[in-house]
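Assembling the complex is the task here: the two chains are given apart, and the hints tell you how they should meet.
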Amino acid sequence: MEEGSLVQYAPIALMFLVAAGFVGVTMLATHLLGPKRKTNVKLESFECGIEAKGNARIPFNIKYFLVAILFVLFDIEVIFMYPWAVNFKELGTEGFVEMLLFIAALLIGFFYIRKKGALTWED
Amino acid sequence: MISFLIYKAILVGVVFGITLFIAAYSTYAERKVAAFLQDRIGPDRAGPFGILQPLADGLKFIMKEEIIPNVSNKILFVLGPSIAMLTALMAGVVIPWGSTLVINGETYSLQIVDLNIGILYVFAVVSIGVYGIMIGGWASNNKFSLLGAIRASAQMISYEIAMGLSIIALIMMTGTLSLREITELQTGAVGSSWNFWNVVYQPVGFLIFLVCAFAECNRTPFDLPECETELVGGYHTEYSSMKLGFYLFAEYINMFISSAVISTLYFGGYNFPFMNDLGMDQNIITIIGTIGLFIKIGFFIFFFMWIRWTIPRFRYDQLMNLGWKILIPLAIINIFITGLFGIL
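Going line by line, the protein sequences match chains F and X.
The first sequence maps to residues 1138 to 1260 in this note's numbering.
The second sequence maps to residues 550 to 893 in this note's numbering.
Hints should not be assumed to be uniformly reliable.
[Claimed, not checked] Straight line, CA to CA, 16 angstroms or less: simulated EDC-like cross-link-like pairs of lysine to aspartate or glutamate:
| hint | chain 1 | residue 1 | chain 2 | residue 2 |
| --- | --- | --- | --- | --- |
| 1 | F | LYS1173 | X | GLU615 |
| 2 | X | LYS623 | F | GLU1181 |
| 3 | F | LYS1173 | X | GLU614 |
| 4 | X | LYS874 | F | GLU1259 |
| 5 | F | LYS1200 | F | GLU1259 |
Honestly, the hints are just simulated from the structure, not real lab data.
Next up, chain X with everything else stripped away, as it sits in the complex (with noise of 0.2 angstroms):
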C-alpha cells in the first residue's frame, strides 16, 4: 500500500508539472500562432525564439504590485482567482494519460485515479469553476465585472446541458462512465482490432461536445464574459499581479483539459493505428501511445488557437440561441437516433 501511494504520490507530481508546464507553453503558442495568422514574428526576445516568454512572464506577475480595490470585498476578491485555479488543476486526475508500464513484473497504471464515475468527476470539478468567475467579477465591486460575470455563468450553465446530453448518446454506446473504460473500447482503431475511434460513430455528439467546450472555456467565438470592446476587462477588469494570472492561467489549463476529455472520449486516447500488429512491447506501445495522446490534445489546443484568431466573436442573443435552441434539440435527436441504431 505504501508503495502505491509513493507511485501515485509521483504521478501526481508529474500531472501536476505538465499541465502546469502545457499552460504555460500555450501562452507562448498562442502568441505565436497568432502573430503566424497575422503574418508577424511574435514574442522572439526572450531567449532563442523567445521560448522562454511563459518564464519572464511568470516572474512578472508574480513580482507585480498586488492592488485589491478599496471598494472591493477583500476576501472574496482573493478567494475567486484562487478557486479558478484549483479547479481547473483538479480536472487532471481522472484522465489515462497512458496504458500500463509493466516494470519488474509489476503493472503500472498511467492514470492517478480510474473513477468508474470518471466523466461525471470532469463535469463536477468543472463545473465549480464558473463560482471563481462569478466571485471573481461580483467582488470587484465593478458594473463592468459585475455584467461579465453574470455572462461568464450563464453561458456556462446553459452550454452545460447541451454538453451533457452529447455526453448521454456517447454512454449508450459504451456503456460506462470511466474514462479508461471508454479508451479501451477504442483500442487498435485499425488493425486486427476494427475498433473504430468513437468520433466515426458519434460525430454530431463530438460536433456539440466540441462547441459546448469552446464555450465552457469561454474561448472566442464565446469569450463575451471578458469582451473587451464593450466590457473593458470582462470579469477580471480589476484583477492585477498574479490574480489575474491564474484566471488567465486557469483558462489554458482549461483547454488543455477540454482537448484531453475531447482527445479521450472521441479520438481514441492513447490507443494509435496498428498498435497491436506491429509486435511490439507492451512499455514501448505504452509510450507511444502518451506520445499520440499528447499530439492528439496538441493538434486540439492549436484549433482552439485557430479559432480564436479566425472567427469574431457572437452577439449574447445568438450565443444563447445556439446553446438553447439549437445545441440542445440537436443534442436530444442525436440521443435518440443513437438509441434507435442501437435497439435495432
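Only chain F is shown next, with the shape it has when bound in the complex (with noise of 0.2 angstroms):
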C-alpha cells in the first residue's frame, strides 16, 4: 500500500464499526434477553441501599475544576514539546536551550501554581 493513501487508514474505521457493532449488539441482546419483572421501587436509584434524599446533582469541590482547567494548560504545553522531542536530534544543541527556556516558563507556572496553594487538597 502507498504511503499516504487514505485507504491505508480504512483499519481504523472497520475497527470502529466492529467495536461499535459489538457494543450495540451486547447492549440490544441484554436488553432483549434479560427477565423484565420491574416494579417501582427496584427502579428507585440504590445510592447506599437506604432511602435517598435530596437530588445528587449537588455542588461540589471547586478544587476538581481547577485541576481540569490547570490539565488544559499542561497538556498543551505538554503537546508543543512532541513536535520537538521527534527533531530533538537534528535540532541539537540550539534546540534544547531553546526548549530548556519554554520548560523554564512551564516552570515559573507550575511553581506559582504550586505557591497559590491549587494543588494543596489537605485543608
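Dropping the structure here:
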C-alpha cells in the first residue's frame, strides 16, 4: 500500500465499526434477553442502600474544576514539546537550549500555582 | 487493494477476538491470583480448574435484568459504558503485534495500521475513555457515583500530564512517534546487534509511565473512583447487567492495552534476545516474537494484579501530591538529563 493513501487508514474505521457493532449488539441482546419484572421500588436509585435524600446534582469541591483547567494548560504545553522531541537530534544544542527556556516558563507557572495552593488538597 | 482490505479485515477480527479473550481471561486470572496470594483456591466449579468461569460470568451478565433507575438520565446512562468499552477496544489498532510474515513472496505486517503518530493515537483514544466514566457517573443521579466520576476524571487527567512528559524523553531518543519504528530500533536486544531495550536507557521514564498506567486504568493503589469503603461502588454503583459488565471489561482491556504499550515502548515489543543470530527463518522469528510479546504482556497483567492484592489504596490528597508534585517534576528532570546525554 502506497504511503499517504487514505485507504491505509481504512482499518481504523473498520475497527470502529466492529467495536461499535459489538457494543450495540450486546446492549440490545441484554435488553431483550433479561427478565423484565420492574417495580417502582426496584427502579429507585440504589445510592447506598437506604432511601435517597435530595438530588444528586450537588455542587462539588472547586478543586476538581481547578485541576481540569490546569490540565488543559499543561497538556497543551506537553503537546507542544512532542514535535521538538521528534526532531531533537536534528535541532541539536540550540534546540535544546530553546526548549529549556520553554520548560523554564512552564516551571515558573508550575511553581506559581503550587505557591498559590491550587495543588494543596489537605485543608 | 481488495486483498489489502481483506487481509486487514481478518487482522481486525483476530485482534478484536484476542483482546476480548485476554480481557475475559484476565478476570479469571485476577481471581486466581487473588486466591493464590490469599491462600485460597479461587473459582473451580465451572469446568476443570474453573476455566469456563469467564463464559459463565459473561452469560450471566447478559441474562440479568436491565435496570435503569427512574431518576437517571436514560440516554447518557446507556452511553457511558458504551463509550468506555468502545474506546478501550479502539486502542489496539496501532500496536505492532508482531514483525512481518512472508507467505508466497507477499509480506504481511502483523500490525493493523502503522500510524506515524501511533503514541498520540493511543493517548487520544484512551483519553476519551474518561468521558465514559464521567457520563456514566453523572447520569446515574447518585451522589456517590458523581463523586466517583469526578475523582476518576481528576485523577486520569492529572496523571496524563506526567505520562505525556515521561514519553517525551523516550521520543527524544528514538526520534519517531510510530510504535513500529520504536520497536524496530530495539531489534535484537542482545546478540550481533546490540540494541538494548529502551528500559535500559529510560529506567526513570519507565517507572513514571508504569505508575501513570496504573492511575489511568483506575487500578489499585489508585482505584479511588470505585473506592468501596467510602463510595459504595463508585461510578458504577447504579449499574447492573451487561452495562456493569462493560465497565469492568473496559478496565481489563485497558490493562491489556497498557501492558502492550509498556512492552512495546520499553521492553522491545516483539523482539527477543539473539533473534538474528540463530539463523532462523523470518516467519519463525515473527511467530516466536509474537509469542514473546504476549509473554511480556502477560507478565505486566500479572504485575497489575500482584500490586492490586499487595498495596492498600492511597488517600486522595496523597494521590494528587504524587501526580502533580512528584511525577511531573521528576519527568521534567528526566527530559533534562536525557537532553544532556543526547547533545553530549
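Okay, the hints, checked on the actual structure:
Between F:LYS1173 and X:GLU615 the CA atoms are separated by roughly 8 angstroms; this keeps the pair inside 16 angstroms, and the hint holds. The suggested pairing of X:LYS623 with F:GLU1181 holds, with an alpha-carbon distance near 13 angstroms, which does not exceed 16 angstroms. A C-alpha spacing of about 6 angstroms is found between F:LYS1173 and X:GLU614, which places the hinted pair at or below 16 angstroms, so the restraint holds. Restraint check: the Cα-Cα separation between X:LYS874 and F:GLU1259 comes to about 14 angstroms, which is no more than 16 angstroms; the hinted pair holds.
Of the pairs offered as hints, the one joining F:LYS1200 and F:GLU1259 holds, with about 11 angstroms between alpha carbons and a cut-off of 16 angstroms not exceeded.
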